[in-house]
Structures are given as structure tokens and as C-alpha cells.
Amino acid sequence: MKVMAQMSMIMNLDKCIGCHTCSVTCKQAWTNRTGVEYVWFNNVETRPGVGYPRGYEDQEKWGGGWVRTKRGRLKLRSGGRLAKLARIFSNPTLPEIQDYYEPWTYDYDMLLNAPKGQQVPVARPKSLLTGKNMKISWSANWDDNLGGSLETMQDDPILKKMSEEVKAEFEKAFMFYLPRICEHCLNPSCVASCPSGAMYKRAEDGIVLVDQDQCRGWRMCVSGCPYKKVYFNHRTGKAEKCTMCYPRIEVGLPTVCSETCVGRLRYLGLVFYDADRVAEAAAVEDDKALLQAQRDIILDPHDPEVIEAARREGIPDDWIEGAQRSPIWKLMQYEVALPLHPEYRTMPMVWYIPPLSPVVDVVTGSGNDGEDARTLFAAIDKLRIPIAYLAELFTAGDIGPVDAALRRLAAMRSYMRGISIDNERDERIPNAVGMTGTQMEEMYRLLAIAKYEERYVIPSAHNEQAHELEEMACSLDFDGGPGMGGAGPFGSSSGPAVPVAVENFHILADRQTADRPSTPGRVNLMNWDGNGSADGLFPPTAGPVRKTGKRKDPS
Amino acid sequence: MNTLPIILWVAIPYASIAVFIVGHMWRYRYDKFGWTTRSSQTYENRLLRWGSPMFHLGILMVLAGHVVGLLIPREWLYAIGISEETYHFGATTLGTLAAALTLTGFAILIYRRRTVGPVFLATTTMDKVMYVFLGATMLFGTLATIVFQVFGSGFQYRETISPWIRSILGFQPQPELMADVPLLFQLHVLTAFALFALWPFTRLVHVFSAPVGYLFRPYIVYRSRDDGRGAQAPQRGWEAIKTPDPDRLHKL
Ligand code: SF4
Ligand code: SF4
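Residue numbers (the numbering used here), protein chains in the order written: chain A, 1 to 555; chain B, 556 to 807.
A couple of the hints might just be wrong.
[Stated by the list, open to error] Residues from chain A that keep clear of chain B, each with C-beta distances beyond 12 Å, as calculated: (1) K132; (2) M199; (3) E250; (4) E335; (5) G437; (6) K451.
[As the list claims (entries may be wrong)] Partner residues are not named here, just some residues of chain B that face chain A (Cβ under 7 Å, in silico): (7) S607; (8) H761; (9) P766.
Read the hints as simulated data drawn from the structure, not as lab findings. Note that the structure is a prediction, hence the values are computed from the model and not measured. Don't be surprised by glycine CBs; every beta carbon is placed ideally from N, CA and C.
Let's have the full structure, built from the sequences with the hints guiding it.
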């Protein structure tokens with residue numbers, strides 16, 4: 001047994017209102033730069049829908065993740081080492097920018113600066129790739145809230161697996177949001193695909209990162225990840241991905257997406273797993289057995305043997321304690337959380353609590369009691385289509401675990417109603433789903449009212465190692481000093497490495513002053529952070545200013 | 556001896572080799588982040604899908620041909636039974652094939668670079684300069700092969716250019732060997748050395764990142780937080796804690 005710690009996340013889909021706050025705050029923090037305009041480390045998809053990038057779940061096409069060979073070994077779906085090297089000059093499964101979308105901005109200043117004319121001036125969309133006018137026809141959430149879904153829904157790879165009649169039924173019956181970040185997999189196929197060895201899984205907390213100094217732009221990771229959560233920065237020529245906000249996690253803060261989540265539906269915490277058994281678990285024969293295999297390699301942090309083994313691996317005591325208090329471990333124990341697409345065999349570590357609300361909606365919509373356990377159970381049994389869809393997402397098509405999770409959520413709903421309204425504890429309800437009343441109340445506490453400290457249990461990185469943390473020194477006096485991080489002589493951002501915080505500082509400053517297709521040198525208010533007055537915030541005075549404060553007519 | 560041959564066939568090659576080596580070391584230390592292929596495949600794949608593999612495979616064949624033709628003395632090849640005729644035939648056919656592949660690929664890629672908007676905008680000045688020299692080198696090389704090897708009677712570069720290159724690499728330069736070499740070959744050599752001098756400052760550095768190690772490493776890479784620090788030295792004020800020096804305490 002080799003115990004390793006993994007920082008993981010669980011999202012409670014019932015609570016997601018699809019507000020995209022997580023995506024926007026993440027973007028402002030990490031990908032508000034040239035070259036990554038189209039990059040959404042966090043994106044929120046409406047399901048059913050095609051997702052982002054379009055149809056990423058169709059692995060026949062994109063070749064992401066692992067497959068099991070006849071001999072029971074794991075192999076990268078898009079080919080092993082030699083195949084990868086043979087295709088290095090042109091990667092056949094690399095999504096093109098059009099599979100994401102062509103990034104654009106608007107020439108807002110035209111609204112103010114257009115010369116006097118017949119027409120009302122408009123801000124036209126300008127492509128950020130070519131600088132030319134463009135027609136916007138797709139984006140990261142084009143089919144948000146099922147918008148235009150009749151046109152695109154048939155492209156949903158999950159629906160394609162289901163029958164025709166299902167597709168027609170679907171739009172009426174079911175809709176939910178699926179926020180996605182990198183899964184920080186236990187068996188990451190992106191890492192396995194990287195020819196330069198620049199991608200790695202951090203031994204301490206399992207966060208998967210790209211070493212920007214070692215990445216050589218071979219782009220194999222982009223195809224390798226079945227969730228398409230590695231992106232190619234088209235300016236710097238390097239891969240970038242969700243970092244699980246490691247500079248924040250290291251000091252005990254939750255990720256930006258969690259911190260700002262309006263629904264407060266994200267949970268962060270450690271789990272321990274047995275690294276020796278990952279390969280074996282990822283290679284079980286039946287796709288539907290993968291969920292159980294993954295549950296099996298996750299270790300009980302209260303088990304004295306596990307604690308002993310964790311100490312032997314040098315995991316500090318406060319981390320062990322963190323794993324014991326971890327909301328992730330608890331939610332996994334209740335078996336209400338499920339991984340996204342376990343059939344990709346990467347052992348993803350961002351799990352989801354499937355949404356019960358569509359079921360409740362149907363029940364209440366038909367005039368029945370949406371908090372009655374028996375009615376809800378019956379509805380779960382009857383609503384085969386939505387549940388089959390959820391099963392395709394979370395359990396490789398196995399209805400059982402989705403069913404069980406939804407039943408527990410339904411039972412909790414009705415049990416808690418009994419307590420708060422009728423003041424009675426009907427133990428039959430939790431017993432019907434294999435839980436006790438106390439467990440159910442604890443689960444309710446965690447899902448409904450858990451406060452910040454309970455949702456995010458993040459032991460910080462160690463003080464005695466503080467001098468090694470990337471982000472502790474955020475002053476500007478590092479080797480090379482300020483002024484680095486712009487466009488170097490060899491293309492965007494060449495030059496020596498700069499701390500992440502400084503890089504973002506300069507990039508922000510650049511963006512505030514350079515993102516003006518029609519009047520360079522002026523501030524784009526959309527990117528202005530509100531601090532101070534940047535150069536170019538006000539238009540240059542056109543001529544000498546008279547005493548009266550009126551400007552002289554330049555003509 | 557005349558100074559011009561010395562400049563052309565001793566000074567320039569050595570200067571270029573020196574810039575090549577020192578330049579790479581400097582670039583690696585100064586600009587690890589900029590050390591990339593800067594692939595533009597995300598912008599456009601229809602042309603690249605053909606052009607890039609053609610060019611790269613072609614140029615790898617060309618490289619192999621140059622190693623055999625320039626660095627291996629012909630006596631060695633005689634010894635393993637490759638006669639002058641066999642060599643000439645093999646080198647000319649394979650060489651022409653490789654040249655055709657490389658040049659076609661190159662032409663497709665240059666066309667793509669000029670006509671596909673985003674790709675053109677992502678092209679730096681350094682790229683353009685590099686393309687000029689790379690193109691010139693390939694063009695002179697191909698012309699020389701066609702004029703002398705395919706249609707001509709065959710120029711014996713293994714009596715002149717090859718020993719000269721080896722004399723340069725062995726630090727016993729013999730510029731006189733290059734005196735009677737046809738102009739096209741001379742131009743090919745000179746543009747090539749110019750290209751070598753430019754090399755470390757262009758995207759061509761990605762040649763030295765050919766990921767051979769991938770074949771031998773385990774699939775999943777683990778790294779500790781502590782050793783993932785790349786080029787960064789500890790920040791000032793954050794060096795590891797050391798026990799205080801007792802001598803200094805005494806002086807207080
Ligand atoms: S989800 Fe993240 S860790 Fe998993 S394969 Fe994709 S990029 Fe790698
Ligand atoms: S911020 Fe929270 S509620 Fe809003 S879309 Fe993101 S995950 Fe859903």
C-alpha cells in the first residue's frame with residue numbers, strides 16, 4: 001500500500017443555477033491573457049448539450065483517455081509512445097480553434113469616437129486571431145439553457161448513444177448544468193501523452209500541472225485528455241490547464257471557482273488513495289465496474305493501518321487530520337457522489353452529486369407532493385430517460401449507482417421535511433435507502449448548511465517549506481526585476497521565468513492598455529481593474545487648453 | 556595565402572559554430588519558456604496536415620544523407636562494400652526524393668503561413684529571416700544536386716567538401732579544399748552556416764527537444780512540489796533556514 005493524498009472536488013449539481021460566475025472569476029484570475037482567450041479552465045455546460053469544446057465526449061473522434069487491450073493492459077486510445085512520436089508533426093486528433101470558437105472583442109470605442117454620420121455607430125465584433133470583422137457563430141456556452149438546442153442537440157455525444165424517441169422527449173423533460181474543471185485524475189492520460197515529460201502530478205496533493213519551462217508545444221496532451229481540459233496557448237505555443245489554483249490551495253484557500261460559487265455547491269478536501277492499485281483499478285474489464293474499482297482504492301483515513309502507512313510516506317499529521325475531516329471523503333462514503341465519465345479510465349477526481357431537481361420538478365408539476373419519499377421513489381423508477389442520461393455521464397451507463405444516489409437525496413428531502421414540519425423522525429425513510437437517521441441528518445448538514453470551513457477543508461502546505469512556495473514572494477524584486485513577462489524577442493512571453501503573480505500583473509497592465517483594435521494605446525474599460533488611472537484612461541487633449549477649461553477647436 | 560578563402564572557409568564556419576553552441580546555451584538559460592515549436596496547428600490543419608509531415612520527414616532524410624555523405628569517409632564505405640557507383644546512385648536518387656519531399660512540404664507551409672490570416676499574424680520577424688535562410692540553403696543544395704549530380708557528370712564532393720568539413724570539425728582547417736568547389740555548392744555551404752548562426756535565436760531550437768526520452772520513461776510522471784521549481788532560484792528573503800553562525804553571535 002502506497003498512500004498518496006489527492007486534493008479533490010465534489011459539486012452538488014442540484015444547486016447549480018448556471019450563472020457562470022465560476023467561469024468568469026476563473027477567467028479573470030488565470031486566463032485573461034492573449035493566446036488563451038478561448039480557454040475556460042472552468043466552464044459550465046447545459047445538458048443535454050454538446051459541451052465545450054463541441055462534442056468533446058466523442059472519443060471515437062478525439063481519441064482521449066485510455067482503453068483496455070485484450071490482454072488486460074491499459075493503452076492510450078490515440079496510440080502508444082511510437083504512434084505519438086510518429087504523429088508529432090501533425091497531430092490528427094487535435095481540436096482546431098473552430099472546435100472551440102474564434103475569440104473576439106468589440107471595437108467599443110467606435111461608439112464614442114466614430115465620426116459624425118448618418119448611422120448610429122455600432123461596436124462591431126473583431127476577431128482576436130485576425131483583427132478583422134467577424135460573424136460570431138459559436139462560443140463556450142452557445143447552447144446555454146438549451147438555446148438553439150434543436151439545431152445542436154443531436155450532436156450531444158451522450159444523446160447519440162440513446163434512441164431517437166429519447167431525443168425528442170428530452171427537451172421537455174430534463175435540463176441541468178454541468179460545471180467542469182480539470183479532473184486532476186489519478187491516472188491522467190494527459191501526463192501520459194506528453195512527449196517532453198513536462199506534465200506531472202504533484203506528489204503531495206495530486207494536482208496535475210504543466211511545467212511551462214519544459215513544455216515544447218507538441219500538443220499531445222490536448223488530444224490525450226478525454227475531458228479536453230488541457231488547452232493550447234496559441235501565442236506562447238505552450239499547453240495550459242486548470243491548476244486547481246495551487247497558489248491558493250498551498251496557503252489553505254479554496255480555488256477561485258469554489259470561493260465565488262453562487263450556489264455554494266463546491267466542496268474541496270483531501271482523499272487518500274492507494275497509488276499502487278491505480279493501474280489495476282483503471283484496467284478492470286467491465287466499464288461499469290470502474291466506479292466501484294475507483295471507490296475501492298480510496299482509503300479510509302480513520303483506519304489505523306492507513307494512518308500508519310501515510311506517516312511512512314511522510315504525509316504530515318495535519319494533512320492526515322485534514323483527510324479525516326474532508327467533506328469529499330464523507331460525501332463519497334454516503335455514495336451520493338459520482339465521477340464524470342469513469343469509462344475514460346483516467347480515474348477522475350472531481351465528482352458530482354447528480355441532480356434530483358428534475359425529478360422533483362416532474363412530480364410537483366404533475367400536482368403531486370414533491371417531498372414525499374414514496375412518490376419520489378416511484379418517480380425515480382419511472383423517469384428512465386433522464387436517469388439513463390445521468391448514468392451515461394457518471395457511471396458508464398450503469399443505472400444502479402445513479403438510482404441509489406438519487407434515492408438517498410430523495411429520502412433526505414422527505415426525512416428532513418418530516419423533522420422540520422411534522423416534528424417526527426420517520427426512520428423507515430433512511431432505512432429504505434440503507435442509512436440511519438443520524439447519518440441522514442449529517443449528510444443533510446453537509447449538503448444544505450455546511451459553512452465555509454466545512455465545505456473547504458484544505459490543510460495548507462507546510463510552513464517549514466514556505467520558502468519554496470511559488471507565490472509567497474509576491475513583491476516585484478525578484479531576479480530580473482519588474483518589466484519582464486511582456487513580449488520577448490522570441491515571441492510572446494519569452495525570457496526568463498517570472499513568478500506567476502508578477503506575470504499576471506504585467507499581463508493585466510498590458511491588456512488594460514493594448515486591447516484596442518481601433519485606437520491602440522487607450523484603456524479598454526472592460527479590462528480595467530478599477531485601480532488607479534492607467535495611462536490612456538482619458539483621451540489625449542487635442543490642443544492647448546484655454547483658461548476656461550474649454551478645448552480649442554483643433555481646426 | 557589569400558585572405559578571402561580563410562575568411563570564407565575558416566573564420567565564418569568557426570564563428571557560426573561558436574554562435575550556434577554558445578547561443579543555444581544562452582537561450583536555454585535565458586529563455587526556457589520561449590523554447591517551443593510554437594505550433595500553429597490550432598489555427599489551421601488542412602494544409603499543415605500535408606505540409607508539416609512532408610517537410611519534417613524530408614528534412615530528416617536530408618539530415619541522414621548529410622551525415623553519411625559528409626562525416627563518414629568514403630574509404631569506410633568502400634570497406635563495407637559500398638562502391639563509388641552504388642553510393643552515387645543511392646545518394647542521388649534518395650537525395651532527390653528527400654529534396655522533393657522537403658521542398659514541397661516547405662512550399663505548402665510557406666503558402667499556408669502567408670495566406671492563413673491567424674498564422675501570418677503569429678509569424679515573428681525572426682521566423683521570416685529564418686525562412687529566407689532555410690529556403691536559400693535548401694534551394695542551393697537542391698540546385699547543386701540537380702545541376703551536377705542528376706544532369707551533370709557528378710561532382711566528387713567526397714573528395715573536397717567532406718574532408719574540408721571534417722578538417723573544420725577536427726580543428727585542422729584546410730580551406731584550400733574548398734577552392735575549386737562549384738559556386739552552387741559554395742553558396743549552399745555559406746547559407747547553411749549563416750543558418751547555423753541564426754539557429755539558436757529562432758524556433759528551430761525545437762530540434763533539440765526531439766522527445767526521445769518519451770520512449771523510455773513511465774507514462775505517469777510524479778514530481779514533488781519542492782523540485783518542480785524549474786529555473787527559479789529561491790526568492791530573496793526566502794532562502795532555506797540555516798542555523799545561525801555562533802561566531803557572529805559572539806561578536807555582538
Ligand atoms: S482531466 Fe485533467 S488530469 Fe485528467 S486527463 Fe484531463 S487534463 Fe489530465
Ligand atoms: S458559480 Fe456555482 S452556481 Fe454559478 S454556474 Fe458556477 S458552479 Fe453553478
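Hint by hint, here is what the structure shows:
no., hint, result
1, K132, "violated, 7 Å"
2, M199, "violated, 7 Å"
3, E250, "violated, 8 Å"
4, E335, "holds, 28 Å"
5, G437, "holds, 43 Å"
6, K451, "holds, 29 Å"
7, S607, "holds, 4 Å"
8, H761, "holds, 6 Å"
9, P766, "holds, 3 Å"
Comparing the model with each earlier hint shows violations of hints 1, 2 and 3; every other hint is respected.
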